[in-house]
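Chemist: Chain A is fixed; fit chain B onto it per the hints.
Read off the chains here:
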Amino acid sequence: MSTIKTLRVGVASCGIASGAEDVMALLKARANSIPVVGVGCLGYCYAEPMVEAVLEDGSSVIYGNVEATEKSVDNILALGEAGRFEVPPERKKREKIMVLALAGRVDPVDFDDYVAHKGYDGLKRALAMAPEAVVNEVLTSGLRGRGGGGFPTGRKWSFLAAKKAEEKILICNADEGDPGAFMDRSLMESVPHQVLEGMLIAAYATGATKLFIYCRAEYPLAIKHLKIAIQQICDHKLNHLGDRDVEIVIKEGAGAFVCGEETALIASLEGQRGTPRFRPPFPTDSGYKGYPTMINNVETYGNVPLILRDGGAEYAKVGTEGSKGTKLFALAGDLKYPGLVEVPMGITLGEIVFDIGGADRTKVKAVQTGGPSGGCIPVENFDVPVDYDSLKTLGAIMGSGGMIVINNDRCMVETARYFLDFTHRESCGKCTFCRVGMTRMYETLERITKGQGTEEDLDFLADIAPKIKAGALCGLGQTAPNPVLATLRYFRHEYEEHIREHKCRALQCNAMVKLQIDHDKCVKCGLCVRSCPVQAINADFEIDPAKCTRCNSCLDACPKKAIYRVHNGDEK
Amino acid sequence: MDNAYSYLESVGKEPSNLIKGLQLIQSTEGYVSDDAIRAVAKYFSLPEVEIEGVLSFYAQFKRVKPGKYKIALCDGTACHIKGSPLVHEWVRQELNLSPGETSADGLFSLETVACLGCCSLAPVMSINGRAYAKLTRKGLVKIIKEYQAK
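Chains as they are written, first to last, in my numbering: chain A, 1 to 572; chain B, 1001 to 1150.
Chain A on its own, in the form it takes in the complex:
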């Protein structure tokens, strides 16, 4: 049997949240001379904390759900059978790992490790070419913006390259604000050098002189890794692009969803309130402090080194006619294997949700893509290929890559209400349609989920949504009504049930639901009584609906599963 050469522990945010740092400390204490390296995310978030034992012969054994105990750590050091992690075979078959090839496999802040894995080969190759040829290579690759819009990246680059100015600005949009999305965080935490290499190539191709990374302040680990990587780049003089040195600056966002919009992002970079402005002028004409400015998303930059390393034509072999390459998705919600996945463009939604995500076919009813700007796609349409254009025809969008699986016990009206609660609060207030319209839509949905909706409410929603889309200046307002439009399109019956029958089929909307104890199953153990925070359960094990807050504490506490959520008026 081969011996262990290195131990890798996944210490990206997900891993840390599951206790990976304790595991790593314990491993270090007990591994004697074997090096223990902290790496990024392997993408199997459901199995965190994860440890990979790399053996002398090059193969490796992965352990999942590792506990920070001596027993479990010693089991790994002895290469024990217990706790070994296997990649679900269906996932292995469907995934196409290109951008994430190094995530979880290199030490994020070890420059040499990255270089040893062909890191900066793309940049080297670019520097040997004329800048125009680099732009052409990206055009050939067919890469489109991964932030959600899907604009051809090469064309965007050519706009900036054509500008003559003393300063040209390049921005990396790392303000990943979509709730439910963590692709960019993972990429920056796991392989910061790959994102930076993409930026340096873009700077060389377009003639940019100053590079900004606008990153959410909520991503401290990503910021830390990027800062270290930038210092290493400067130490190795990789920021010297032909005839000039470029400066790379990290700016932390301060928590405003609208700053994902490019003109708002620029305003925020300038230290102002992050409100969008009218275009034209487009940022490539007049952006940061009036200089020509180009903004690409983290994942877009993450793709660029591969294109230059392997050639645009090679890259374009993966994907569909109109959408090339792979896409990262953050899978979450009601499924067995949540995590970060990378799939080739053109894979079907069903393959992602069922084969990779392991969701329950009998229970899933929809998937939400594109976060609060996107829409839901019902299970009947899961044979749709995932690419920029196909998803649009269904009223959804590719978005930046958040994918939330929703099953039968989630209410679609409540889901729409949730997204509008987010967007109406995040509206910057500049455009009346967005500021007032979204608030009115939110109030209407709130009424419906409380059982106070009317038929007119549905007409109102259908009427105002397209007006907001037409009347708003920026992407936030133009897409914010989408979750409502999509749920109205596919799940109108749920809205109608809430209004006409005061019924929430998912038993989620508290105003229409009460909790009940099944006395045939109940063994009168009293755990529910003790767990109830508002003393709503009496000595005869009856729940007083007037006192009950529907918090589900008793339901979770009951060992006999004798407590149910039922519709008001229903007797079990």
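In short, the hints are calculated from the structure, not lab data.
Take the hints with a grain of salt, since some may be wrong.
Pairs of lysine-lysine, DSSO-like flavour, derived with a Cα cap of 27 Å [stated by the list, open to error]:
1. A:K561 - B:K1134
2. A:K547 - B:K1145
3. B:K1020 - B:K1042
4. A:K224 - B:K1062
5. B:K1134 - A:K363
6. B:K1134 - A:K365
Modeler: Below, chain B alone, put in the same frame as chain A:
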């Protein structure tokens, strides 16, 4: 300038560094007080109302002194689907706190955040930056009790 805020000098005086300056103040003091606004306005040569305008725009900035333990409840999509509204209710019951408030004893403050980025471990909250995953009511009460006993 006011000596208490002399550390602002580490940030350049160009107005584009305003947000950075405010972030520095917040990370040092925990929030941005009226005095801090006056100091920042003077330092960047901007009217105070401008500073207030930027502060109120961004969710990150706090104008109220936070508690010793800052609870951030995630209400991102994944957490919401996995029951974060219930978690909010549990915290309200245990600590009688609403988002944006600090408890009378100054021990806890509560805010909701859009996403902590640990979606596959939902529902999640963090206390002083340390994330707690897959919350249940029992687990949450235990965590809060631990902090109260500290």
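Chemist: If a hint holds in the structure, say so; if it doesn't, say that too.
Modeler: Hint check:
1. Proximity of K561 (chain A) to K1134 (chain B) is assessed by CA-CA distance (about 20 Å); at most 27 Å being required, the pair is judged to hold.
2. Pair hint K547 (chain A) plus K1145 (chain B) holds up; C-alpha atoms about 25 Å apart against a cutoff of 27 Å.
3. The suggested pairing of K1020 (chain B) with K1042 (chain B) holds, with an alpha-carbon distance near 15 Å, which does not exceed 27 Å.
4. Restraint check: the Cα-Cα separation between K224 (chain A) and K1062 (chain B) comes to about 23 Å, which is no more than 27 Å; the hinted pair holds.
5. With a C-alpha separation of about 21 Å, the suggested pairing of K1134 (chain B) with K363 (chain A) holds against the 27 Å cut-off.
6. With a CA separation close to 23 Å, the supplied pair K1134 (chain B) and K365 (chain A) stays within the 27 Å bound.
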